[in-house]
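Please model the complete structure; the sequences and the hints are all you need to start from.
Chains as they are written, first to last, in my numbering: chain A, 1 to 394; chain B, 1 to 240; chain C, 1 to 382.
These aren't lab readings, by the way, just hints derived from the structure by calculation. As the structure is a computational prediction, the values presented were derived from the model and not from experiment. Please note that a few of the clues may not be correct.
[Said to hold, decoys possible] Derived pair list, reagent style EDC-like, types lysine to aspartate or glutamate, alpha-carbon separation capped at 20 Å:
1) A/K114 x C/D221
2) C/K206 x C/E74
3) A/K114 x C/E234
4) A/K16 x C/E279
5) C/K161 x A/D140
6) C/K67 x C/E279
7) C/K173 x C/E279
8) B/K220 x B/D163
9) B/K10 x B/E186
10) A/K114 x C/D235
11) B/K220 x B/E26
[Unchecked claim] Chain A is faced by these chain C residues, among others (derived, beta-carbon under 10 Å):
12) V32
13) V33
14) G36
15) L267
16) P328
Each residue gets a CB set at the ideal place from its N, CA and C atoms; glycine is no exception.
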Amino acid sequence: MVLPFSYHWRNLFVRKTTTLMTLLVVAAVVGVFQWLLGFADAITDSFAVATDPRKLIVLKPGATAESNSAIAIDEFNALYQVADLARDPATDRPLISPEMIVQVSLPRLRDGGKTFANVAVRGVTDEAFLVHRNISLHGDGFSRAEREVIVGQAAARQFGGLEVGDVIHLGYAGDRVYRVVGTFSAGGGPMESEIWGYLPSLMNAYNRTTYSSAGVLIAPEADAKSVIAQIAGPAVELSAMTEGDYWEAQTRLMAVYLGISYVLVVIMSLAAVFSIANTMFSVVAGRLGEIAMLRTIGFSRRHILSGLIYESVVLCTVGGALGSAACTAWLIGVGNTKDMFGANTFTTMAFEIRMSGLIVGGSLGLVVLVGVLGAIVPALRAARMHVVMALRTP
Amino acid sequence: MSGADIELRKVHKVYYKDRLEIPVLEGLDLDIAAGEFVVLMGPSGSGKSTLLHLIGALDSPTAGSVRVGDARLETMSERQRTAWRSRHVGFIFQMYHLVPVLTAAQNVELPLLLFKMSASDRRERVKTALDIVGLAERADHRPNQLSGGQEQRVAIARAIVTDPDAILADEPTGDLDAKTSTEILELLNLLNAEFGKTILMVTHDPRAASYGRRTLHLDKGVLSREETRAVRPPAAAASG
Amino acid sequence: MQNLRRNPLRMGLTAVAFALPMAIFVAAISFVVTLGEVAAHFQRQLRLGVHHRTTLTNPLPEGVRRKIEELDPERSRLTAVCGMRWFGGRVPDTQNTITSLGADVDTFPTVYSDVEMTPEEIEAWNRERQGCVVGGNPATLYGWEVGDRLVLESTVPPYLKLEFRVLKVLDNKERANFFYFRRDYLVESSKDAGLNDPRCNVFWIKCKSQAALRSLQQEIDALFANSPDETRSEDENAFVANFLQAAGDIPGLMRAMAVVVVFVIALVAGNTMMMSFRERTPELAVFKAIGFQSGRVFLIVLAESVMLAMFGALIGIVPAATVLYLFPPRGLAVGPISGLEVSWIAVGGSFVISLLVGIVSGLWPAYQAMRLQTTRALRRTG
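This is the structure we're talking about:
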């Protein structure tokens with residue numbers, strides 16, 4: 001920028017109300033942008049994290065999710081015949097995890113327990129910790145003898161009564177008391193919103209004689225597609241898919257939400273662009289003489305153009321910073337925890353909105369774009385102005 | 001540190017308003033020697049300002065040639081004219097057109113920003129210019145803290161800071177009272193006498209006319225008469 | 001009034017900057033209004049839902065219905081009880097699951113009186129084991145009409161494939177996503193497949209009054225407390241509230257967007273009026289010098305602000321409402337919300353908000369104009 005920064009900066013203060021109002025419009029747009037995209041990002045992130053390309057989820061054919069799938073024990077045992085599976089280094093048995101899913105209704109901490117969420121309870125055995133490779137235990141695991149459970153960290157943060165030492169009521173009649181003995185993390189994926197317990201104990205509690213699903217880890221060099229084909233084949237006759245594919249199918253409504261978010265962002269950005277243009281036209285109108293003077297001194301049309309665009313970008317950047325700060329403050333103050341109820345899985349997934357560097361960077365990019373687009377027409381007009389004509393104006 | 005000579009031949013200038021042709025200058029010839037102080041007078045609409053704009057490369061003639069020093073302005077593109085005038089002319093207007101958000105020193109510095117110079121070199125030139133116009137101690141004041149006369153002097157400092165060949169003044173005293181007008185005119189006289197700047201000044205004020213060695217009268221786009229007088233010596237240097 | 005036309009570009013920019021957020025506003029408020037209407041509807045329907053305390057997916061025994069009915073033998077508080085079982089039917093060769101439920105044949109028409117089955121339809125329902133009642137959305141999507149036969153594949157054990165015949169297509173929007181058939185058909189078909197499971201996920205009770213609903217709610221939960229069939233009873237709005245969280249609290253998002261929009265349009269309008277006032281100070285001063293009374297000048301400026309706001313509202317609301325009317329996005333269909341439909345109340349409300357914003361943002365410039373001292377303003381043109 002040829003003209004000193006203080007020129008552009010101080011010009012913003014000449015008409016304080018106009019600057020402030022335009023700034024606030026940009027701030028509102030950026031604040032909304034960051035929130036919406038932070039939310040979208042958190043959702044897509046947590047699902048992306050879940051995808052282990054070597055993990056397969058096995059369901060009963062016809063079921064659309066673990067919660068409505070039932071696999072008989074002998075059907076499950078057929079999985080042991082499948083080739084190309086990873087093996088437990090200690091026992092050399094194929095890594096297949098039998099699992100059972102039920103839900104328990106727990107109060108949401110976010111609104112003080114006014115509403116309830118369906119939280120997934122998963123019955124597992126030791127194999128589960130080897131098949132689901134991103135699970136890390138914090139604290140004690142559950143014992144096989146006692147009625148104990150471990151809770152995912154996201155679940156513990158968002159739902160009531162899941163601190164270590166608390167008890168929850170599980171079981172078909174809700175009368176089996178299980179104690180929370182530890183927590184686990186799952187790399188931020190959906191499993192972090194679950195409660196895990198010992199499979200035989202939970203099957204007993206819920207009068208179940210079938211498993212819901214199986215988790216299978218394929219061998220490192222194996223081809224997922226061929227294993228899936230084997231599982232679908234006549235020997236086993238179950239339905240397998242990679243973990244990524246499983247979660248993708250659950251996210252239809254989420255796609256709607258994302259779509260709405262993007263539409264909102266585009267419309268609000270357009271409104272900001274028009275608002276900026278309006279302001280810049282007024283700015284130019286008030287500085288015609290000054291611009292003419294700069295041209296007589298020898299500043300070129302391009303200098304005028306870039307100077308005005310620069311000023312607009314500076315204004316927008318300040319507005320953007322304000323909006324960004326407001327959004328972050330909102331998230332810290334009101335809480336960034338959100339949850340989504342999966343209509344298919346019938347369970348709630350908890351996640352947190354975080355401001356990733358990408359989103360903040362995206363906000364900055366948006367701000368610059370809005371500043372440039374809004375200022376371009378008035379700046380061009382100012383640059384194209386016939387100097388002599390403008391010199392005649394008072 | 002001297003001025004350039006100016007030569008206009010058969011210069012026509014036509015303005016277009018909607019679809020009307022308004023001829024302003026009709027076949028004008030003009031010679032100004034290097035270092036001359038020339039005053040240009042005439043009724044409203046006679047084209048005085050237009051002539052100034054053409055010489056200052058703010059505009060191009062519709063026909064004819066305009067030579068300032070070595071430069072043939074009528075052959076230049078708009079971009080070339082812009083670059084040329086940043087180096088070779090300094091303008092002074094009736095309305096001071098100072099940037100209100102910048103200090104006096106920053107205003108004077110503006111033309112220098114177009115050249116590759118170090119900040120310290122710019123500072124030095126600005127100081128020199130302000131010293132010449134006698135406003136060194138007001139360098140950090142904003143225009144709204146200066147009187148009308150002081151603002152005009154800042155404008156003059158800005159006009160000379162690039163050491164131009166010619167100074168073109170369009171009614172420089174139009175908005176000032178008699179005493180301040182005199183101060184400004186004395187300053188211009190000084191620039192011409194001591195630094196040899198070619199000065200072309202458009203004015204209504206007959207008193208101002210007495211400062212120029214030659215007075216040209218422009219009427220309906222042509223020069224009607226010309227008066228010459230003795231060069232008026234400058235008053236004591238740099239009045240406060 | 002011609003003043004607005006003086007700078008058509010700037011007025012146009014303001015109008016568009018005003019219109020765009022208003023388009024969002026009318027969509028968001030439509031959604032909020034629709035939610036309100038649905039909530040009011042359910043309130044009037046006086047239905048109480050009883051399900052297992054732990055979770056909806058734990059069914060309750062059939063016998064619970066009789067026990068509930070025995071709480072009120074004179075039928076002074078409840079009219080009827082209808083047990084429902086989740087079928088989760090998937091349309092063959094698609095991944096789409098329809099909210100499909102088996103309902104008690106005898107009490108379904110009574111408890112779901114908003115389905116408004118005619119005596120002929122009730123008679124057909126009683127007569128045909130495979131009869132079903134289909135909501136408007138799936139009917140339109142798959143082209144089902146009265147008399148059509150269709151097959152749905154259950155996504156819950158025992159994964160039956162059942163055939164149905166359409167008896168009625170519903171046109172009320174609260175039921176647009178649903179599909180009801182006879183529970184006895186489901187139970188018998190399950191038995192044939194080897195699974196004897198006549199339990200119900202939820203029992204819906206048609207109550208006679210709000211007070212009756214509340215008292216029944218307490219009594220039922222008390223009755224089953226500390227038993228294997230411990231219940232939680234909720235009115236329909238509370239029940240539905242859980243499902244509306246399905247896409248991350250869209251109602252909350254819509255409400256928040258509405259607030260942000262009002263904030264933004266107030267700024268846009270206010271900004272323009274302030275700039276306009278500042279640029280036209282001499283003109284306004286001339287008005288006053290000519291002899292316009294201060295009060296008149298106030299009204300002139302205010303009227304301009306209002307006109308600008310209403311114009312912006314018009315070019316924002318009308319296209320948005322038209323698009324939503326012609327192509328309502330069904331993607332948001334969940335539970336009793338059959339998508340985003342434009343609500344005429346919302347449209348009216350949007351214009352009213354625009355009017356208010358126009359007035360409020362014009363107040364300060366109008367006040368300044370009124371107080372303008374003529375001589376000072378005219379001198380400012382120097």
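Quick rundown of the hints versus the structure:
For the hint linking A/K114 to C/D221, the alpha-carbon distance of about 18 Å falls within 20 Å, and the restraint holds. A hinted pair counts as satisfied when its Cα atoms are at most 20 Å apart, and C/K206 with C/E74 qualifies at roughly 14 Å. For the proposed pair A/K114 and C/E234, the alpha carbon gap of about 13 Å is at most 20 Å, so the pair holds. For a cut-off of 20 Å, the pair hint linking A/K16 to C/E279 stands: about 15 Å separates their Cα positions.
Among the hinted pairs, C/K161 with A/D140 is inconsistent with the structure: their alpha-carbon atoms are about 45 Å apart, more than 20 Å. With a CA separation close to 78 Å, the supplied pair C/K67 and C/E279 exceeds the 20 Å bound. Taking the CA atoms of C/K173 and C/E279, the gap is near 52 Å; set against the 20 Å cutoff, the hint is violated. Pair hint B/K220 plus B/D163 does not hold up; C-alpha atoms about 33 Å apart against a cutoff of 20 Å.
Among the hinted pairs, B/K10 with B/E186 is inconsistent with the structure: their alpha-carbon atoms are about 33 Å apart, more than 20 Å. Proposed proximity of A/K114 and C/D235 is supported: the alpha carbons are some 15 Å apart, at most 20 Å. Taking the CA atoms of B/K220 and B/E26, the gap is near 8 Å; set against the 20 Å cutoff, the hint holds. Interface restraint check: C/V32 against chain A, minimum CB-CB distance 14 Å, threshold 10 Å, status violated.
Hint status for C/V33 relative to chain A: violated, with the closest Cβ pair at about 17 Å, above 10 Å. With its C-beta approaching chain A no nearer than about 18 Å, C/G36 sits outside the 10 Å limit, and its interface hint is violated. Residue-level restraint check for C/L267 holds (minimum Cβ-Cβ distance to chain A is 5 Å; threshold 10 Å). Contact between C/P328 and chain A, as hinted, is not supported at the beta carbon level, the nearest pair being about 13 Å apart and thus beyond 10 Å.
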